[in-house]
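> Spelled out from the first residue to the last, the chains are:
Number of protein chains: 2
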Amino acid sequence: LDDGRIGEVEAVVSDLHAADLADLVEQIGPEHRGALIDILRPQFDGEIFAYLSQSLREMVLDQLEPREIAAAVAELESDDAIDLIEDLDADQQREILENLPPETRALVEEGLTFPEYSAGRLMSRDLVSVPQFWTVGKTLDYLRTETDNLPEDFYDIFIVDPMHKVVGAIPLSRIMRQKRSVKVGDILTEDIRTITATTDQEEVAFLFRQYGLVSAPVVDGNGRLLGVITVDDVVDVIDEEAEDDLLKLSGVPDTDIYRAVLDTTRSRFTWLFINLLTAILASSVIALFEATIEQIVALAVLMPIVASMGGNAGTQTLTVTVRALAMRELSNTNAVRVVAKEALVGTINGTLFAVIIGLVAGFWFQDHLLGIVIASAMIINLFIAGLCGTLIPLGLARLKIDPAVASAVFLTTVTDVVGFFAFLGLAALILM
Amino acid sequence: LDDGRIGEVEAVVSDLHAADLADLVEQIGPEHRGALIDILRPQFDGEIFAYLSQSLREMVLDQLEPREIAAAVAELESDDAIDLIEDLDADQQREILENLPPETRALVEEGLTFPEYSAGRLMSRDLVSVPQFWTVGKTLDYLRTETDNLPEDFYDIFIVDPMHKVVGAIPLSRIMRQKRSVKVGDILTEDIRTITATTDQEEVAFLFRQYGLVSAPVVDGNGRLLGVITVDDVVDVIDEEAEDDLLKLSGVPDTDIYRAVLDTTRSRFTWLFINLLTAILASSVIALFEATIEQIVALAVLMPIVASMGGNAGTQTLTVTVRALAMRELSNTNAVRVVAKEALVGTINGTLFAVIIGLVAGFWFQDHLLGIVIASAMIINLFIAGLCGTLIPLGLARLKIDPAVASAVFLTTVTDVVGFFAFLGLAALILM
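Chains as they are written, first to last, in this note's numbering: chain B, 1 to 432; chain W, 433 to 864.
The set of hints was computed from the structure by calculation and includes no laboratory data.
If you're wondering where the values come from, they're calculated on a predicted model, not measured in any experiment.
Take the hints with a grain of salt, since some may be wrong.
[Stated by the list, open to error] Pulled from the structure, derived: some chain B residues nowhere near chain W, Cβ distances all over 10 Å:
| id | residue |
| --- | --- |
| 1 | D83 |
| 2 | L88 |
| 3 | W134 |
| 4 | I305 |
| 5 | F410 |
[To be verified] Only part of the chain W face toward chain B is listed, based on derived beta-carbon distances under 10 Å:
| id | residue |
| --- | --- |
| 6 | D677 |
| 7 | R700 |
| 8 | V752 |
All C-beta atoms in this analysis are idealised placements derived from N, C-alpha and C, irrespective of residue type, glycine included.
Pulled out of the complex, with its shape left as it was, chain B reads as follows (with noise of 0.2 Å):
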C-alpha cells in the first residue's frame, strides 16, 4: 500500500476468506486502514463486520455510503443482519433499512423488537419446518425442490402443527434414512428444548452447553416458531459472556484494543475513581492511629503486608464464586456449604502466613509482641476475606446486581480497613 501498488493488494484481497480480511483490517496499521477499505469497497463482503471489533466496525461503517452498506447487509444472514444494525444511532438504522431489499428490511425490523441480548436478537429467520402429517418422500422432494428459498446449511428438520407450534424436530442425519413412506410426526424427536424469543441469551448459552444442543427452535409466547438458533451463534455469546466477567472483575469496560486514546482513558477513569474513593477511605482508617504510627515506625513498614494478602485471598475467593454463579454450579441448596468452606479454606491459609509473617516480623524488628500482632491481623483479614469474597458475590446476585462487576470493589474495601484496623487496632492496644 506503501508504493501505491494497489492492484497487487487487490489480487492479493480477492482470494481471502472474511474472517482473514477482517483481520487484515485490523492488523494494518490506521493510516492505511482507509486505503484497505477503499479497495474493499466495490464489492464489500457484509461477513466481515462479524468478525470485527467494535471500534472498527464503527469507522468502517463511517467510511462507507448507506447504500454500500445496505448492498452488504442484504447478503447477510438475518441474525447477523441485525447484530450489525442494532449498534448503529436511530439515523444511520433508518438509511440503511431504506436501502434494503423489502423482505430483508422486514425480517430485520421485526428482530429489532425483540429486546437486545435476548434470543429473538441471535436466531436466524431462515429455518426449515414442515407440517407433521408429510411423509419423509414429500419432505425430501419438497428440500430438493425449494432450494432458493430454503436456507443453504441446516442440521435439523422442525416439524410444526397446523397451529404452526413446534411439535418435535428430526436431525438430517436421520429423515435421511428412512423409508419415503413413513410419517414425519412418526419419526420425530420430541423432547427438543425450545427457546423463548424473550430468553436471555446467556440462559440460552447454558441450555446448549448443558444439553450439547446443536440447534434450537425459538417460539414466541404462544409456541409458534419463529427461527432457529445453531451453536455457531453460541460459541460467540459464550466468548462474550467469559469475557465478560473477566474484564467486570478487572475493572475494564472493554477490551477492544483498537479504540482510541480518549476514548479508552474515559472509559477506564470511573473505576480507577471509585478505586480511588475507596483508596481514601482505608486511608482514613490508618489515620485513626496516627499516633500510635509515630511511636513505631514499624508497624507503618508491616502494615501493607496484612491488607495485600487480605485483598488476593479475597480475590482468590472472588474469582471461584463469580464463575461457580455463571456456570449455575452454586445455587441456594449448596451456598451456605460453600461459604462456610471458604471461611475455613481463608482461616487455615490465615494461620499459615500468620506463623511466617509472625517470625518473619518478630525477627525483623526484633519484637516478638509486634509478631503476634501482625500475626493475628493476618488471621483475621484472612478469615475475613475468605467470609466477604462469597457473600458479596451471593448477595449481589440475590439483588439482582452482576456480582462481576462490583464484587471487587466491595472485597478490596473491606479487606485494606479490616487489615488495616486490625493490625493498627492491635497494635495500639498490645504495644503501647
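Let chain B serve as the given structure and place chain W on it in line with the hints.
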C-alpha cells in the same frame, strides 16, 4: 433420600437427562451422594461423567467397580471415553481398558497416544467418509443401509481419495438436494479447514471461531482422515480456555467448588506465598524511609493510595493485553502501538488523578507541598503501570511463558515498589 424412599427417587431420576443427573450429584449434600450413586449404579449413564466437575468425577469413579465403569464407557462416543479415561491413574486405566469391548478398546488406546490437549484427543472416530468416484445415489443408499456402522448424528460427509486422504466435504443439507446420478467428487467443497491430530486444542478453538466451523476433519501427518471434531466439543474447550485465563489472573488453580477444604487450601497457598514475598519486598522499600515517616506520619497514611491506584490501573491494562494475546489480536505488527497507547492512557489518567489526590491531600493535611509530592508520584506510577501492564505479558509470551499465569505477580510488585519508592523518595527530597 433422608426418609429412605429409594423407590420414589429411582422413579424421578430415571426420566432425567444425563446433564441434569450430573447437576443433581453436584447439588446434593456430600452425605447423600453415595446413596444417590448407588441408585444410579445398575445402569450408570456414562454421559453423566462428561458433565461432572473433576473432583466429583474422581469420587464417583472410586465408588464404582471397574466393570461398571467399563460398561458405562462402552456406551460413550470415543472422544468422551478418552476424556474420561485420560485422567485416571495407570492402574485404573488398565483395569477399565481390559473390561471394554475390543473395538472400543482399540479406539481408546489409539486416542490416548495423541498428546494431551491435542485435536487427536478431542476428535471423534465416528464419521462418514466416501470415495470421490461414488455418486450421490450410492452415497445416500450407503447412509440408509449402513446405519449400524455410522454415527447417529453427523453434519458433513467427507470425501477421500484412494489413499484415504481428505479431498473435500459435502454438508448433508446440500447432498440431499442433488440428483442421484451426480458424482460426489463434482459437488464437494474443497475449501475446508483440515486439522492435524497433534494441533493444540487452543488452536482448534481459534480455527472454529475464526471461520465459524461446525465440523472439521482431523488428519494424520500424511493427510489421511482420522476423525472429526464438531463444534460442541469446541464449546467445552472455549469454556476451559476462558476460565483458565480468568483463574490464572486471580491466582486460583481451579474453580472446582466441590473440592475438599484441605485440597483447596493447599492449592491456593502457593500463590499467596509468592504474594507474601512480593509484599515483604514492598515493605522493605518502605523501611528505607523509616526516618522520613517518623517525622511526617501523613506519609504513612497516604502511601497505600499511590500503590493501590497503580495496581488497579496496571491490572486494567494487563487484562486487556492478556485477553488480546489469547484472542490473537496482538501480534508483532501492532505490539509497539499498543504499548505506546497504554503508556499514554496511563499518563493521562495519572495526571487527572494527580490533580484530584493532590488537592485532597493538600487540604487534608494543610500542606500543599505534600499535595505536589503525592500528585507527582501518582503520575509516575500510573505511567509505569500502563507500560508494564503491556510489556510484562508481551515479554512472557515471547519467552513462551503463559502470560496469564505470572503477569499479575510481576505487575503488582512493580506498581507497589515504584509507588512506595516514588512517593516516599520524593517526600524525602522535597519535604525534609
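> So, for every hint listed, does it hold in this structure?
The hints, checked one at a time:
Separation of D83 of chain B from chain W is adequate, the least Cβ-Cβ distance of about 13 Å exceeding the 10 Å criterion. No Cβ of chain W approaches the Cβ of L88 of chain B within 10 Å, the least distance being about 23 Å, so the stated non-interface status holds. Under the 10 Å C-beta cut-off, the non-interface status given to W134 of chain B relative to chain W holds; the minimum distance is some 15 Å. Not every CB of chain W is more than 10 Å from the CB of I305 of chain B (nearest about 4 Å), against its label as outside the interface.
Once the 10 Å rule is applied to beta carbons, F410 of chain B is consistent with being away from chain W; the minimum gap is 14 Å. For D677 of chain W, the interface hint holds, since its Cβ comes within 10 Å of a Cβ in chain B; the closest pair sits about 6 Å apart. At a threshold of 10 Å, the smallest CB-CB gap from R700 of chain W to chain B is about 5 Å, leaving the interface hint in force. At about 5 Å, the closest approach between the beta carbon of V752 of chain W and any beta carbon in chain B falls short of 10 Å, and the interface hint on this residue holds.
Figure legend: structure checked against the earlier numbered hints; the only hint not met is number 4.
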